[in-house]
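Residue numbers (full-length UniProt numbering): 1 to 248.
Some clues are possibly wrong.
Stated by the list, open to error - Each computed BS3-like pair below joins lysine-lysine, with the alpha-carbon atoms no more than 30 Å apart: (1) Lys144 / Lys34; (2) Lys144 / Lys167; (3) Lys34 / Lys223; (4) Lys167 / Lys34.
Don't read these hints as lab results, they were simulated from the structure.
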Amino acid sequence: MAAPSTLSTAQGREIAYHWTEGAGAPVVFLGGYKSDMTGTKATHLEAWARARGRAFLRFDYSGHGQSSGRFEDGTIGQWAQDAQAVIIAVCAGRAPLLIGSSMGGWIALLCIRNLPEVAGFVGIAAAPDFTEDGFWAGFDDAQKAQLEAEGQVLLPSGYGDPYVVTKALIEDGRQNLVLRSPMALPFPVRLFQGTEDTAVAWEVPLRLMSHASCDDMRLTFVKNVDHSFSTPACLDLVTRAVEEIAPL
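Modelling step: build the complete structure from the supplied sequences, incorporating the hints.
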């Protein structure tokens with residue numbers, strides 16, 4: 001596999017990315033919390049885009065994968081800065097179609113606020129505001145006290161190593177919440193959610209739908225599918241959504 005390209009951000013972080021040159025609105029994959037750009041969804045989408053001659057971008061946030069920094073030092077705001085920087089630099093003025101998986105859905109919604117134009121948004125088990133509504137809301141008094149005293153708590157992830165949840169992540173997340181104020185999404189939006197997802201509650205995409213202003217927004221629940229949303233049938237749903245929103 002070819003080595004990734006790198007982008008130096010204004011904050012001094014080195015962001016690793018892979019860019020596939022092609023036609024149409026650049027399809028940009030934004031991964032989840034503690035995931036990286038070598039995952040099933042990112043690589044499948046890249047192969048799909050390449051086979052069709054579509055432009056495609058995948059990348060690692062700082063502290064993830066092949067980018068610089070430690071995961072424990074990252075925050076939602078920093079990762080949104082990373083995403084916005086690489087999208088603006090690499091897509092070079094072309095309106096992107098953003099695919100946000102889990103945390104990547106929140107990051108995409110933050111980028112949408114600042115990008116000059118967006119062609120569309122596809123959310124895969126999108127998890128806006130999860131640091132507040134998921135982590136913090138689920139902490140008991142002992143965990144909240146530990147976070148205050150030690151600056152972090154460990155949570156089981158279901159994907160190997162536990163999640164390190166820092167006080168900085170929680171506090172920064174509160175400065176970047178997107179479901180507390182009006183949100184305009186003036187482009188097609190497609191949301192997907194598995195009914196067996198134990199990481200993101202099914203109420204989250206419904207809340208996003210009711211919260212956002214959008215003339216073309218659809219939510220699809222897929223029975224017996226978990227948070228990974230990576231079966232061939234699920235991946236086909238995602239690529240068909242891209243083709244519907246932004247055909248070549």
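Here is what the structure says about each hint:
About 22 Å separates the Cα atoms of Lys144 and Lys34, which keeps this hinted pair within 30 Å; it holds. The hinted pair formed by Lys144 and Lys167 meets the criterion: a straight-line CA distance of about 9 Å does not exceed 30 Å. Of the supplied pair hints, the one linking Lys34 and Lys223 holds, its CA atoms being roughly 26 Å apart against a limit of 30 Å. Note on Lys167 and Lys34: the hinted pairing holds, with a Cα-Cα distance of about 17 Å set against a maximum of 30 Å.
This entry satisfies every hint, going by the numbered hints stated previously.
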